[in-house]
Structures are given as C-alpha cells and as structure tokens.
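In the UniProt record's numbering, the protein residues as written are 1 to 408.
Keep in mind that a hint or two might mislead.
Claimed, not checked - Derived pair list, reagent style DSSO-like, types lysine-lysine, alpha-carbon separation capped at 27 Å: (1) Lys203 to Lys162; (2) Lys176 to Lys162; (3) Lys294 to Lys251; (4) Lys35 to Lys21.
Keep in mind that the hints were calculated from the coordinates and are not lab data.
Every value quoted in this text rests on a predicted model; they were computed, and no experiment measured them.
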Amino acid sequence: MAVAVKKEKTKFAPVREVLSKEDHGNYTKFQDTSKLEWFCRTSNHKKFKSHSLLKAVRNPTETRIETQTLYFTDLTNDKCGFIQLLYSSVMGGIYKGFQLNFKVFKASSGDESEENIDIWESFKIENIKDFDTLRVESDNVIFHFVPLKDPSSDGFAQLSIKIDIPKGSASNCPLKDLKVDLVVNLQEGFVINPDGSNYYLDKSISLEDLAKRGSSATSKRMIRHVFVPRGFCNGTISYKKNGQPVHLNLKDTPMLYLDAVQGLIPNKAASKWNFLCFNGKKLSTMCIEFTTTKEYGSTTVTIWAVSDKDKILEIGSSVNDHAVKFPTTQEDEQNGWKYPTSVTFPRGFEEANLRLVNRYDIMGELPAIIKSIAENLANMKPFIYQFCQRSKYEDDEGISIIESTFIS
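Start from the sequences and build out the full structure, keeping to the hints where you can.
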C-alpha cells in the first residue's frame, strides 16, 4: 500500500522571485500615478473594507497602516532624512487618523562645534479637509501627486509637499516652526508581482496549491510595497531646534519614494526588517528585507533595485535567501538586540563603518491606539537602529540611510 506523502504547508504567500533577466514577468515597471494612489482609498481595497461595529468587536486587532515616505539625501550639504505621512485604520475602520513623521540627520559627524541639526519628531494631523487617492490636505499638511503630461527626464509625476506646523507635538518638543515646501520629480517606479503584495493567509495551504493558485491566494492581511527608487526634489525645509533656526535648501537632491501597506499589527507582520537607501550623483540602490513571524514560517523576503539618473537598471527579489548580512554586530545592553556595525546588501553594496544616528522604540512612531493593541498582545521590545553616513557604491560616492528593526 502506498504511503501518503505529507505535503509541506504554508500560511504565507510572498511576492514572486526575480533572480535573473528571464524573470522580467515577475515585476511591473510603471510611469503613471495609478500605482501612487493611497491603497486604502482605491477600489483594490474595497473588497477588504468594513466599518461594521460588530465586526470591530469580533476583530479588535484588525489593523491597516499605510505610509508614504520620501527619503532625501542632500549630497551637497551632507544631510539626509525623510518625510513620512502615516495613515492608520484600527478596529475595522472605527478609528482612523493621520500622523506626520519627520527626520533630518547629518551624514557625517563633522566638527563637534557644528550645530546639531538632527531631529526626529512625530505629529498628529488634525482637521483633514481632503483625502483622495492622490491627495491629502489638512490645515497644516498637503501631500499631492500631479501627473506630468509628457513623461521625460523630468519624470512621470510630481509630488508636492507643503507643511506648516508652528508648534511641536508636545510642550517639551525641541522642534518648532516646521515649514516644508518641496516639489519632487518622480522617475520610473516598480512593484514586484502580484501588485507588490505579500499575503498572510487565513488557512494553511500546500506549497503545491499555492503555486497553482498564484495571485489568487490573497488576504486582507498583507504587506505591500510600491517603489520609486530615483527622483529629485527641489525646495526648502526649515525648523527651529531648541530655539535655533535650521534651513535646508534642496536643489536637484536625489530621493527615494516608498509606499508601504501593512495589514497586521507590527508584531504579527514581521519579526525583523532591514532597509537601505543609497543615493549618489549617478547611481541609486535600495533594498528592503523582512522576516515573517514563526506563525508564517519565518520567511524572509528581500527586494532590491539599482537605478541611474532617470531609469531603473536592475530589479531583484528573493525568498529565504537572507541577502542582507551583518559581518559585525554590537549587543544593546538594554534590550539584548544585536544590531549591525557593518552590513552588506544585494548587488554589492557594503558599509563597513555604520554611523548610528538614532536608536528608537518603533512603537513610539505609531498612533497610541495601535501601540496599546500591540503591547497587550505581546511583551515586545521593538527597536529601530538607524544609520546615516557617507558611502560608496561601485565608483559613485553618496549618502546611505540604513535601518535595522528588531521586533520579536
């Protein structure tokens, strides 16, 4: 009698792998604004949408977080940072809200007598006037995507960012009078198929069935990424730190844009993350890597790309290749995490001298209600270690922003 072979099962459906030029069908490049739309406001999201109070009571941890993030690297003035708009919907949509996260760092230590301009602050955005697929507007913040009629070397769309926050998020906040006026020209973007999405399935299925179902294996629990790995921003950023004015004048400053959707609370979505944004005068390279929790097989997904001034040169993705390596680490005495002091990323990017600019509790960046839900489910010490330094990639010199996040 034949013995039945037990099929290996999984509850996680990752994006497709792109390991060679022959895998070009596993990703999609784009030069239109449809991929830049807020996912939670598009028709793609409606099938997952519910505002039922009964459902919220039954599923009190149902969470969706979406971020639109602009990373900028000012090569001329040796500064880098990001501007992030975060939208969260909790308890099936009973709670909704926006938050602005703003960060600026110097890319090198420099002279100790130089002014300390480093800042990392979050603000709750009130009085939303307009929330459409390509636009968010409040009394103090405008994020607005505008398509360009004739895509060219100037890109296919512009992102206009206007921020005017006269006071800090708290009385003891060192950041005051934040004003941002930027126009960002976005170059070619991409997603790994299917539509940039990794799905956390409700029930286990065999790997064979997963391969057969392909993109039909979906769930409201998901992680989705949309990338514009290269572009340029022009405009000004100004603020006061501890009463001292800081002014940044960005001119053709290289940037990375990233839209991320997370349909699970942080400690359910992933156990760790790694991130790279390098911009030089000629080349850019980026990478994002996350590892799921044990419930979803401790699966590691890595996505990367290399770009020049106006086009993507290479796109890649892998599953369980663990492409990001830490040659050397240091243990954090407070929480026991071993964070990198050197790191290697796909396509030959290496940084042997990581410069730690911030060590931060990831829950501090999230709205209070999400933080409360996550902390009640697990005793976690989730930390982000963020690094910013001058780096070299191939024959190009630039600035790299690197993050390592440990959750569980």
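Hints, one by one, checked against the model:
A distance of roughly 44 Å separates the Cα atoms of Lys203 and Lys162; the hinted pair therefore is violated under the 27 Å criterion. Only pairs whose Cα atoms come within 27 Å are accepted, and Lys176 paired with Lys162 is accepted, the gap being roughly 16 Å. Our distance criterion of 27 Å between C-alpha atoms is broken by Lys294 and Lys251, whose separation comes to about 45 Å. As the CA atoms of Lys35 and Lys21 are separated by approximately 23 Å, the hinted pair is consistent with the 27 Å bound.
Taken one by one, the earlier hints fail for this structure at numbers 1, 3, listed in ascending order.
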